[in-house]
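**Student:** Here is how the chains run, residue by residue.
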Amino acid sequence: MEAAFAEMPLALFSTLAPMGAGAFVILAAAFLTAKLDAEALGRIDRLTAIPVAFVIVGFIAAFFHLASPANAFGVFAGLGSSPLSNEIAAGVVFCVVMVVYWAWALTGKMPEGVRKGLAVVLAVLALVFALFTGMAYMIDTIASWNTLAGPVQILGYALVGGAALGVLVLALAGCADELKAGSLKTAVLAVLVVGLVCGIGGLAAQAMAANGLENALYSGADMVSSALMVIVAGVVCLVASGVCDVFAVRGGGASAVVGMGVGAAVLAVAGILLMRLAFYAMQVSVGLSMLL
Amino acid sequence: MTHYAFHFDGTRCTGCKTCEMACKDYKDLGLGVAYRKVYEVTLGETKKADDGTFASTCVSYPLSLACNHCENPACVKVCPTGAMHQDADTGLVSVDADKCIGCGYCHMACPYNAPKVDREKGHSVKCDGCKERVAAGEKPVCVEACPARALDFGPVDAMSKLGEQADIAPLPAKSYTSPNLYVKPSKDAKPAGDASAKVVNPLEVM
Chain A
0 MEAAFAEMPL ALFSTLAPMG AGAFVILAAA FLTAKLDAEA LGRIDRLTAI
50 PVAFVIVGFI AAFFHLASPA NAFGVFAGLG SSPLSNEIAA GVVFCVVMVV
100 YWAWALTGKM PEGVRKGLAV VLAVLALVFA LFTGMAYMID TIASWNTLAG
150 PVQILGYALV GGAALGVLVL ALAGCADELK AGSLKTAVLA VLVVGLVCGI
200 GGLAAQAMAA NGLENALYSG ADMVSSALMV IVAGVVCLVA SGVCDVFAVR
250 GGGASAVVGM GVGAAVLAVA GILLMRLAFY AMQVSVGLSM LL
Chain B
0 MTHYAFHFDG TRCTGCKTCE MACKDYKDLG LGVAYRKVYE VTLGETKKAD
50 DGTFASTCVS YPLSLACNHC ENPACVKVCP TGAMHQDADT GLVSVDADKC
100 IGCGYCHMAC PYNAPKVDRE KGHSVKCDGC KERVAAGEKP VCVEACPARA
150 LDFGPVDAMS KLGEQADIAP LPAKSYTSPN LYVKPSKDAK PAGDASAKVV
200 NPLEVM
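Residue numbers (numbering that gives the first Met the number 0), protein chains in the order written: chain A, 0 to 291; chain B, 0 to 205.
Since the hints were made in silico from the structure, they are not lab data.
Every residue gets a Cβ at the ideal spot worked out from N, C-alpha and C, and that includes glycine.
One or more of the hints may lead you astray.
What the hints assert, rightly or not - In silico contact screen, one side only, chain B against chain A (beta carbon under 8 Å); selected entries:
hint, residue
1, 25
2, 28
3, 73
4, 98
5, 99
6, 100
7, 101
8, 108
9, 118
10, 121
11, 170
12, 171
13, 175
14, 196
15, 197
16, 205
Could you build the full structure based on these sequences and the hints that come with them?
**Tutor:** Set out below in structure tokens:
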């Protein structure tokens, strides 16, 4: 696990950025299903700063991973061939649309149709960004990562983490009643269940694959064994985050719903971060490569 | 257009690491950085018999390895900036320090442990095949330093006549990157991909 902690900037990036992006899936569901008045929309728009901050802090964390961040604008040179270039491009496209949407929404002059349309586009771009983030690790010389379980995991984390952040934004915006209304409640729970299945199932599938691999430096079984407690702790946090979300959409006092939203978000950050560290700890090369 | 390859003769190598030191000296590399490394590869087991005697099948062999300047280099394929590039004429793979962001993607992808991010320099570093020496008609300094003549370097056509393409453990199957390394294995050596052969000096080479 020690080598995995050296990848903390990337673990933070792949935790925070997909979470922030995934929150727009819940916001899109809210705009499409709930009846929100102008005041509520205004509060939601101001509180959208939370998922925006998650995305931006995630990208800043990624910069700390680079030895020469000044050359970072060159990352688009590998577009189409380098999975890392593709990931950053997907992230930048998402960020540009996110900033345009948010800035426009903050003016209070965004037409309802445009809001719904842009929110759906952002939700789709968020999922694409999450998938490309996972695909960046699909390298054919790293046998334990070269599996669709990677992108499926990140997609799951974007949905679970996004659900937590989305619920928090809506709870803080005083939309507890809208959250427990039929359609939005169903949407949140559906996102949550799909996210938990993809996130936990993806990591479990990757751990099982890594368990049977071996090279001249280490065995996958040993790596999985050393990461096992971290995986268990991550899964517990992620499931607990989902439970908080369930209580939040069941309704209750405004402060209780906010409390559940905060709990869900904190537990989601902890759970996803632990599971990302476990991912890095299970790198099994086909040859002579190890994280340092 | 002449692509170049290394040759490693496992029947001659003593594991003295002169190649590694000559490279470090020539390239003025600091502590913790080496472009050529000698892997100590060990396999087998020692068992105690009922009569109290021991029988061992343990063997060890050295493998001197640097960048193999692969025909299909994993490091070049994943590099987001194009900093890691292959010279079309010589096939030698090197780093453009002005483009490199030091993301370490090349290090992760290379199955031969060749590129590393030097955070002090701010970019990836690796063996460039002593391209300036090659351009002057000389061989890389590691090859010329080898006292046992276990290393050689030259056009792929010539080197491929001296051994099998990277077919020695702990190297991966050649199909991943088509490495320009041709090996004559020692009699104890295992073929590429055989995980029973372990690297026993990881703190030194990784």
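**Student:** All the hints need checking, so say for each whether the structure fits it.
**Tutor:** Do the hints match the structure? See the list:
Interface restraint check for residue 25/B: the shortest CB-CB distance to chain A comes to about 23 Å, outside 8 Å, so the restraint is violated. Annotation: interface hint on residue 28/B violated; nearest CB of chain A at approximately 16 Å, more than 8 Å. The restraint placing residue 73/B at the interface with chain A holds, with a minimum CB-CB distance near 5 Å, inside the 8 Å limit. With its C-beta approaching chain A no nearer than about 5 Å, residue 98/B sits inside the 8 Å limit, and its interface hint holds.
At a threshold of 8 Å, the smallest CB-CB gap from residue 99/B to chain A is about 6 Å, leaving the interface hint in force. Here the hint on residue 100/B is kept, as its CB sits about 5 Å from the closest CB of chain A, short of 8 Å. Because the closest C-beta pair between residue 101/B and chain A is about 2 Å apart, less than 8 Å, the hint holds. Using the Cβ-Cβ criterion of 8 Å, the hint placing residue 108/B at the interface with chain A is satisfied: the shortest such distance is roughly 5 Å.
Taking 8 Å as the C-beta cut-off, the interface hint given for residue 118/B holds, the closest approach to chain A being about 5 Å. A cut of 8 Å between beta carbons decides the hint on residue 121/B: the least distance to chain A is about 4 Å, and the hint holds. Of the supplied interface hints, the one on residue 170/B holds, with its beta-carbon coming within about 6 Å of a beta-carbon of chain A, less than 8 Å. The criterion of a C-beta within 8 Å of any C-beta in chain A is met by residue 171/B, whose closest approach is roughly 4 Å, and the hint holds.
With its C-beta approaching chain A no nearer than about 5 Å, residue 175/B sits inside the 8 Å limit, and its interface hint holds. Taking 8 Å as the C-beta cut-off, the interface hint given for residue 196/B holds, the closest approach to chain A being about 6 Å. Hint status for residue 197/B: holds, given a least beta-carbon distance of 5 Å to chain A, under 8 Å. The beta carbon of residue 205/B is positioned within 8 Å of a beta carbon in chain A (closest approach about 6 Å), and the interface hint is therefore held.
The earlier numbered hints that this structure contradicts are 1 and 2.
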